[in-house]
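Can you make the complete structure from the sequences, with help from the hints?
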Amino acid sequence: MATIAPERPRSQKLSEGPKPPGRERDRVFRWVTFAAGVLVLVILALIFVSTVAQSWDWFSTRGLSTVFSSRWSPKVYPVGTPKAGQAVPGTGFGAWALIFGTLYTSLVAIILAVPLSVGIALFTTDVGPRWLRNPVGYIIDLLAVVPSVVFGLWGVFVLATPIRNVYQSIADFFAPIPVLNKVFTGNPLLGTSVMTAGLILAIMITPIITSLTREVLATVPIAQKEGALALGATRWEMIRGAVFPHSRSGIVASVMIGLGRAMGETIAVALVIGAAIRVSPALFSPNNTLAAIIAQNFGEAQGIQRSALIGLGVVLFIITLLVNVMARAVLSRGERRLEAGK
Amino acid sequence: MQPTASQTDIVESVSIDTPSGVENGIHLEVGNPEIFQRDDAARELVFDIEKLKILYSGVVAVADVDLDIAAREVTAFIGPSGCGKTTVLRSLNRMHDTTPGAVVHGKILYHGEDLYGSRIDAAEVRRRIGMVFQKPNPFPKSIFDNVAYGPKINGKKRKDLDDLVEHALTRAALWDEVKDKLKRSALALSGGQQQRLCIARAIAVEPDVILMDEPCSALDPIATARIEDLMAELKREFTIVIVTHNMQQASRVADRTAFFTAELNDAGKRQGILVEYDSTNKIFTQPSDPRTEGYITGRFG
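Chains as they are written, first to last, in this note's numbering: chain E, 17 to 358; chain B, 897 to 1197.
FYI, nobody ran anything at the bench for these hints, they're computed from the structure.
Treat the hints with caution; some may be incorrect.
Stated by the list, open to error - Derived, one-sided and incomplete: chain B residues facing chain E with beta-carbon distance under 10 Å: (1) Ser953; (2) Val956; (3) Asp993; (4) Lys1031; (5) Asp1041; (6) Val1101.
For each residue, glycine too, the CB sits at the ideal point set by N, CA and C.
Okay, here's the thing in structure tokens:
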């Protein structure tokens, strides 16, 4: 009978002898994941560097007024003329109105989408009848794969015309109320407007926020929920007392991802926003966003105008970054306060 | 005082039902008048449980449970794993309502009212019958907010919360340790402190009954001793039902003890049953059933 010889004598020192066979594979695994992680940073840095380089003309010739001027009326001399690609005197390249439009449409989208998304997520995790929870979840996940252009076309061909009447009656209702009559109005009042863009964006980002929020809510320990129920909490009190405190940061992160999508959405917004450059709180008027105007104008842009459009991309990139950093800061400040007991 | 007729019945049934106890050479000193007199003198019933049977997705977890639980006593449920003691405990404040597939049959009267009656609100039940869990489960909030949570949802006014929180923490023997860090996260406390916080949180609602599901199983012996001392204090005001794996704990804290075990039923499935329920003293010194005797002396099964 064959005996199995020991791999090495027990007396052998740890530092001598062969390494375990998995050692090599472990090193390969580490390098592959390391490379993948670094690749993200490299790609991001390259995007940033090359877009900044291509838009440098705009930043350097216009300075801070590129960002803080609301005049965007880009006219350049056409190809074949002596000053081809240079700005026609008196035309503006200010991004401020577009930054405003981007933030405003996204804000509308978030205000509409977040309660809806969190509501659907809660329905599928804690509130709805059990047999309905998973089907609703699947359908929401399916909605996330609809291409944005479909929503945009639906918005402009189906939604925009009839919804104008709804806007008109809302505007009539708010007309006598100060402050609010500046918001719920339109000049001109059109179906293609900030509100329609916000609605379309809300429909688009609801599936992703819902889906991510669902995942977060599913991680709330049953012990936490039972802890609240055992104190006589109703379902809503349990959600407020045990579910939200536990999932707050996750929900905010989900919303941030939705917000990023809303700010960066291009085609759907370009179709329904109505393309007007203005800084105005009027919800029912056309406006424009950074991403949408790039799509609308990039095809025929030349010279400084092309440079400016790429620059708008850089501005959008920085705004998205700032919004994310601020959201994280707000969250971690809340957590630190609890740690420190203030 | 002489034993009453019903007590004599118990005595008789004991001697009839357990001939094996005699066979095993166990001398059953049934009918000790002292024990019966103290136990049955004007016990105010909180729970009257009859023919309780609980199923999970059609499978019987525990059946044939008849118990009565008296006010301002500590009642312990002991028995091996899978005997249904936690299942019975959770039926007492309708925690099974949220468990999919759980069905409760039989009758649980709480102060004479059917706990599962159609007009009874489960949240209201749990406001009267609080629960402390096996693993401490403070909310990820401050110590203050943890204790204030119950009073808040019960509509207590904000200005009264400071007093309520201090009172509850004091009664849970935690106030001196945390009074300077009430705004700190409850998760920063030690395991034993967290469990006392959970007890304070339960007390703050001013319940009638506190159910404890192995409250010390995740704690070290010192923290366990503190919780046990606390129970002796709390039973002046509250009725306590505790599930425990630790028989010494049951013998130390409980006035009455119910012994559960798991046996194969007619369908060949393991099912929890209540074997014996009596004063703790009797269960541990002169059990009527050989299965109880076997369990408490370490001969399991």
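Hints, one by one, checked against the model:
1. Among the interface hints, the one on serine 953 of chain B is violated; its C-beta lies about 12 Å from the nearest C-beta in chain E, farther than the 10 Å criterion.
2. For valine 956 of chain B, the shortest C-beta to C-beta distance to chain E is roughly 22 Å, which exceeds 10 Å, and the interface hint is violated.
3. Because the closest C-beta pair between aspartate 993 of chain B and chain E is about 8 Å apart, less than 10 Å, the hint holds.
4. Here the hint on lysine 1031 of chain B is kept, as its CB sits about 6 Å from the closest CB of chain E, short of 10 Å.
5. Satisfaction of the interface hint for aspartate 1041 of chain B is found here, the shortest Cβ-Cβ separation to chain E being roughly 9 Å, below the 10 Å cut-off.
6. Interface hint at valine 1101 of chain B: satisfied, since its Cβ lies 6 Å from the closest Cβ of chain E, which is below the 10 Å cut-off.
Violated hints, in rising order: 1 and 2; the structure is consistent with all others.
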